[in-house]
Structures are given as C-alpha cells and as structure tokens.
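Participant: Given the coordinates of chain C, assemble chains R and D onto it according to the supplied hints.
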Amino acid sequence: MSALAKPLPHITGRPVPGVEKEVLAGLKAAFASKLKDAKAVRERLVEIVIDRADLIDVCTYLKNTLGFEHLSCITAVDWKDHFESIYHIENYYNGCMVQVNAQIPYDDPKIASLTGLWHAADYHEREAWDLMGVEYEGHPNLVRILLPEDFKFHPLRKEFAQEVDRQYISRRKLRGGK
Amino acid sequence: MPEFWINMGPQHPMTHGLWNMKVKVDGETIVDAKPEIGYLHRGYEKIMEVREFQKNVVLTDRLCYVSSITWSHAYCLAVEKMMGIETPERGQWIRVISLELQRIASHLMWLASYGPDLGLLTGLLWALRERELFLDLIQLMSGARMNQNFPRVGGVRNDLPENFEAMCRRSIEHFLEKYENEYQAIFQESKVFRMRTEGVGKITVEEAINWGITGPNLRACGVDVDLRRLDPYETYGEIDFEPQVWHDGGAGDSYARFVCRFNELRESCQIVLQALKKMPKTGPYRVKPPRRAEGEGYAKTEDSRGEALFYVIGDGDDRPYRVKIRSPVFCTMAATPTLLRGNKLADVVSILGSVDVCVGEMDK
Amino acid sequence: MSAPLVPDLFGLCKVLTAAIIWIVQQIIYALAGPIPPLAGLGDFLGTDFVITLVTWLIVVTVVVLWVTVINLFTIMWVERKLYSRLQDRYGIMISVWSLPFWPFNRTRRPTHRGTGYLQNLADGIKLIQKENITPRNADSAMFHISPVLIASSTLMAFAVLPWSSGFYVANLDLGILFILAAFSLAPLGILIAGWSANNKYTLVGGLRAAAMLLSYSIPAVLAVIALVFFTGSLNPIVIVGQQDRPIVLAGTTLPIPAWYVFGPQFLGFLVFTVAMIAEMERVPFDIPEAEAELVEGWTTEYSGMRFGIVFAFKWLRMLAASGLISILYLGGWSGPVFATVFVGSIPIPIFPEEFWFVLRVYGLSAFFVVLSWSVPRVRIDQILNIGWKRLIPYSLLAILIAAGFRVLG
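Chains C, R and D, in that order, give the protein sequences.
Residue numbers for the first sequence follow the working numbering, beginning at 1 and rising by one.
Residue numbers for the second sequence follow the working numbering, beginning at 1001 and rising by one.
Residue numbers for the third sequence follow the working numbering, beginning at 2001 and rising by one.
By construction, these hints were calculated from the structure, which means they are not laboratory data.
Built from N, CA and C at the ideal position, the CB exists for glycine as well.
Where hints are given, some of them may not hold.
Beyond 12 angstroms from chain R on every Cβ pair, some chain D residues (computed) [stated by the list, open to error]:
# : residue
1 : Trp2102
2 : Leu2174
3 : Asn2235
4 : Ile2237
5 : Pro2246
6 : Ala2403
If we take Cβ atoms under 10 angstroms as the criterion, some of the chain D residues that face chain R in the derived model are [said to hold, decoys possible]:
#  : residue
7  : Ser2084
8  : Gln2087
9  : Val2283
10 : Asp2286
11 : Phe2311
12 : Trp2373
Next comes chain C alone, as it looks inside the complex (with noise of 0.2 angstroms):
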C-alpha cells in the first residue's frame, strides 16, 4: 500500500501486474463500510458499488491518494427501479481502472458533480444529463450538449419508447416470451 500511497515519480507507461488486488485492498481499508460491492473483475480492473452520497470522498481519495488521474468516461444507466451513475477512472502510473457505480434513487435523480476533481467530468455529465436526466449537482453548467436546447424529455431512458421495427424484434419475443 506504501507503494500506491504516493504516486510513481514517472510515467512509465507498462503495466503492474497484481495492481488491482493493491488497489482493491486500499478501498477497502479506507471506505469498509461504504462499499456495497467491492470486486476486482479481471486484470488491471476493480469494480466497486457506493452510495451515491460517498460519490466525492471516494473519487478524491481515489485521484489524490491512489493516483487515479484520468476520469475516462461516465455512463448512466436506467435500471428502471434506479439510476446509476457509473465511472471509469483510470490509473496512468499502472494501468489500473476503477470503475464506480454509484447508486441513485429513481424518483430523485441527483448526484454530485464531479466537476471540482476533474474537468472531464464537464461534458460527460452534461451529456448525462442531456440523455439520461441525471441531474448532477454543482455542475457549472448543466444545459443539454447533443440534443436542442428545446428538447423536451431524456431519450435514453427506458420509458422513451422508440419505434421498434418488426426485425429488430427478438423471436423469443415473437414467441410470446419475455
């Protein structure tokens, strides 16, 4: 853990190998209780689940603790029953990626911005925002990116039914089945 404590002085630009169990065990010993889920997925991949209240205290110790410099990419996801707000931050010094998922109710789609840590976090929250309607707290300026500024609803969410043409239609659901 001494080793991750404080970041590699140089890029090397190789991977670690075994890095995701190193990361996995400094998430764990710094946010036990909070982790939902905590798993490493395959190689130079750990995935956790959180709350999305633990959102900014995770991602902080995440980018200054642990050196996870590059947010990648955030993806929201339309359970139906809930919302789920999920990044990939990226380790440059390991290759490591941490994915977050963090949870979030349906009848009140808002989480933090993370706008403060990272600047990405601008234009992949706003197109969160655009598509899903997850409304990210904080965020400097959160108006629609991909869509008119007029348009009215959030086309990714599973409610905005699109015109399903007969031959995208599955046969099991020809048949009848789910």
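Facilitator: Same frame as chain C, now just chains R and D:
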C-alpha cells in the same frame, strides 16, 4: 474594435464536419471560445439498444467514417468481454493488422486535412494519394474501402486473402519512401509550417490529463501513455514497438501533436510488418459467440484519436441493454477553449486541425 | 540587342486611325453632296484632335485586350495546370475538343482530355450566369463600387507598364511610381469591400488587407528608392535601356548582362520580390482571404461575375508585379542578340523584345505559383513582423549600400 463573437461553423472550411466553434476575438486575439456540438447526433446509444449484438457493428463502423475498423473493434472487444469469449490467436493478429492499417489511413486523412487548414493544398492531395494504397489494402482484406463491417463479435469476418503479406510489404515500402522524402519536406522541414505550428495551442500535462485528453494529443504533452502498451489488448503485448511521445521542449503545442501523429504513421507500418511476420500462418480466426448474454463488459482501446471506450451491459436478451461510447474527440472538444485562449484567430485552424476532430464519433 | 515587334504602338495605331478616318471622311464627303452641312463634320473628323483622341481609345483597347484576353487566360491556365502537376494530378482538361458541336465533338474522342485552355472560359461563362447577390444589410453602393475599384486600379498599372520599348500606352517619366501607386489602391478597394459587406469574415479580411498594405508598400517603395540611386530615373524604358549591355568590370567585358540584380541591388531585389508577393496576395501572404479561417476573407459575400472579377484580377496583379520586377531588376525586355530579317527595308526581329519580356514575366509567375503551392500560409502577426522588422530594415540597408556604391563610383 470591440470584442465580438465569430461563428466558425457549422458550415466552415475549418470544421471538417458539422460543428460550431464560437470564438470571441479582440482584434485578432482570441479571448474566449465555446464549442457547440450535436449537429451530427444520431442517437447511436439508443439505436444500439434495439439491434442485435452483431448488427451493431454496422453502426459502429459509421461512428467515425475515416476510422471504422478501430471503432467496430472496440465495440466487439467490449461485447466479447461481456460474453466471456476470446478470439482465436490468428483472429487477434488479423485484428491487429487491420487496426494498424486503419490507423495509417485515418492519420493520412488527418494529415490531408491539416494541409489545407494551413493553406497547403498540395499536402491534401499528396496524403490522399498515399491513403489510397492503404484503402486498397483494407479493401483487399475486407471487401470495402470505407465502413468495412470487418470485425465480428468473436473474431473477424474473413481470413486474410492470398498474397496479402507481399502486397502489404510493397505498399508500405512505397509509402515509407514517400514519407521520408516528400512528406518530411513539405511538412516537417518547412520553415513556414513550423512558424505556424510551434508554440500555439499549448497545454500543460496536468491540464491535459485533467481535461481527459488522450491519445496522440496527450503523448504530445510528454506523457508516455499508449493503451496498446499500458493495457494491452489483442496481441499488442507481443509486439515490440515504441509509442511516439514528445520528449523535447515546447511540449503540448500544435507542432508536438503533429510530430506525434506523423511519427505514428511510421510506427504503425512497423507494427504491421512485425505482425505479418509473427502471426500464425493458419488457424481459426473466429469463434461463434453466444446469441444472448448477461453482464457487463468494457473495453478501452487506442483509437487513432485517443482512448475509445465501449461499455456494454446485457440483460440476457440478444441485444445490449445499454451501450456507452466514450469518444476521445468529445473530451478533447471540452478542452478546446483552454487550447485556444490567447492565440490568434488564424491559430484556430492550426490548433483544431492538430487535435484531429472527427465529428461522427464526437456527436455519436 | 533585339528590336521590338511593335516599334511604336501609338504611331502604329495613329496610322490605322488616320486610314479609318480617311475612309469615313470619303463617305461623309460623298453624302455631303445632298446634305451640305455634313462637309463640316468631315473636316472636323480630319483634325488632329479627333485623330489623337480616337488613337488613344484604340491604344487602350488594344492593351486591355492583350492583357485580359490573352495574358489573363494564359496565366490562369499556366497556374492551374502547373499546380495540378505539382499535386500529381492532371488538372483542367476542357479544351476545344469539349465543345459540343461538329468539328470538335467526335464520337471516338474523349471530350475532357484536352489541354484545358478553355476551362477558364467555361468558368467565366458559368460565373456570368450566376445571380449577383447583395447582402441585405450591406452598404450597397460601396459594395458595388469596390470590384470596379479593384479592377480599374489593376488595369491602371498596365497603362504604364511597357511590354517592350515600343509596346506601351503611355511613357511616363514617373512610370514606376505610377505602377506602385496603382498597386496600393487595390487594398483600399479590399478594405471597402470588407467593410461594406457587413460580415465579420469580410471585415477581418479587409482590416488584414489594410494592415498588410502599410507593412509591404513601404519596403517596396524603399527598395525602388535604392534603385533610383543607380538609375536616376523612374522611367521604365530608361531603366531597361541601362541594363541592356554587358557588365564591364575593371576594363574587361564579362559575358553577363548588366541587370541590376547582379550587383549591389541584390538585397533590394529580394526585398522587392517578397513585398510584391504580399502585394499580389499569394499563398504565403494571402491572409486577407485566408480560406481556412475566414471562409473566403473579403470575397466571401461576392457572387457571380463580381466574384469572378475580384478573383481573376489577382492574376493580373501577379502579371503586373512580375513585369515590374523584371523591368527593375531583370533587364526587362533585353535579350541576347539575334538576327533580324529585313523585308524590304523593314527589320523584323526573329525573337522580338516582347518575346523576351513575356518569357521573363511567365517565368517569374511560374516561380510564384510553385512557391505558393508548396508553403503554408503565415499568420497575421508573423506577416507584420516580417514586414516591419525584416523588410524595412533590409530595404534601408539596401539604400545605404546603393548610396555607398554611388559615392565610391
């Protein structure tokens, strides 16, 4: 003259696509900038939710129309990770070859569009002339010049054609000769070209990482990050290659970005030649993927423009439940006000040309 | 020393005019029988005043046709063909074989495989057919005046620019100064065009043209001043006459012509050439219409033939600038000695002075074409830096060198 906003776009020679760069100028100096994107938004993430896994490759081909294979490959890789299958070895090598050929073609398209940006139309025609060589190779391999539909979930569409290796070698030899003589002379060794690109659009390492700039644009800042080596996928781990990183002074300007991309052309040629030598001569190139899948999988690959990330969730149906596309240009576009501020109006083209904007993948 | 094909354009035209007027006079006198007042008109036509006036009109028409019909089309064809070959492609191909009627359009012959000389004509016909659009908020009068201003100022340069020792409209003592003044009128037209179109791109383009005018006209004039130390005259014919001899160095005659470029004026030649490239707005210095950042710069709002005029007259400015450079520094129309054929007592030169001059003009133009298609465009601050921090000091240095040589003999 008071400060005023100039719309550079949506229809403008600089944009190479359909987006609007609003710049606020004081005389000739840029004081503020605001990109407006979304003109080419086609709702890919939503469309992909109603199409079967394999059929989505047709869509991902059109994400970036000059770099189709790399995007389809990233999608296929993410779906494979979700399904838990792995491509046979020969399939992986064929993928590596196709990716690098596509990267060369894409970089040549960038080089071609960077020329007229700076008023050098001759560069456009020369670069497009050599791009034909690689499009011919890709056509030989996959049957189409653009939108190849070549990567498949579980492998590639078909095996390499006969005599592909010899043709590849011949084309690359010819290209490298032109590269060393003509391209170097007209671009890198041109004094006026360096005047236009050196010292403009500078960004520091910390800011570049914080803004999420990836790929050649990040390597131009001196950060040795290449996902082909940092997080090896396919058989890149077995290939001996050197990511093109700008180590000298003046890092992070347009010239550094140009040099990184320009050198990647040569490096990709070497990778293709190595892969042709190392790949097994026979063997399966494709496995049959399961029809339905449940779970989640993500793949990040080194696209021609940076880090391409696909995040696919399946709910047990034969179609993805949710697909997320992370476009490197989308993140770079967020950083363009930082890049542009303080430069001259004429530098807008010099900077935005060097970061290589592809609107198709940016707007999804 | 070669002779001009047209020894005296004005005299030639005057003979022609006198002949035409004599024929007209005979018709009028014949008509004066039934209608007596016509006899006075016939006498008036025969006066020297009318003959000179008509001669002037004919001379101007001849030179304008020579410049715009023959040379403009040729230089456009040369440029388009030359840069196409530079870019590994065929370039324009529409020639007489593309004409859609009998002797040209054959069944077995490909129609678009010619030399391409008629492509510019086809483009011109297309532009004439197009609609002339005036932007709603534009200053209409100014918007329409500026192409006229640009075209007329460019043609004004050709009024004084001689094509040989006999082929010119006017022989002014201050001819070089007149041409430079005509050159610096064009940026004024550009500025008016940029302002009146009421568009941000054109406005920036027009202001760039104004900034460039200041930084490039001054070195050009200073370089000419350095030359005047040697010539003592601004008359182009006198200047060329001074260069039409071999260099005599320490009593020996060298086989090198005494062009002003070989000698202390070389620095002035470089400065003047660079300034002229900027004057004619070719690619390294074409920032007023930088098509990458300002869509077409100050020409953005022009359409139809108005665009055609402002676009085509750039080539005429290139011709005029090439002619000016060759007159000042490259020996003008002086050529190597060639035999003259005498028909009766009239000497007809085999390679006349016009040939040598046109050869130089097109050679210089080809050089400018190759240069402008192989370098990118420089930036506005860099162009002003080059103008103010490089060219002006160098031109002052050229003046110093010239003065020094003059004093030392």
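Participant: What are the numbers of the hints that this structure violates, sorted from low to high?
Facilitator: 11
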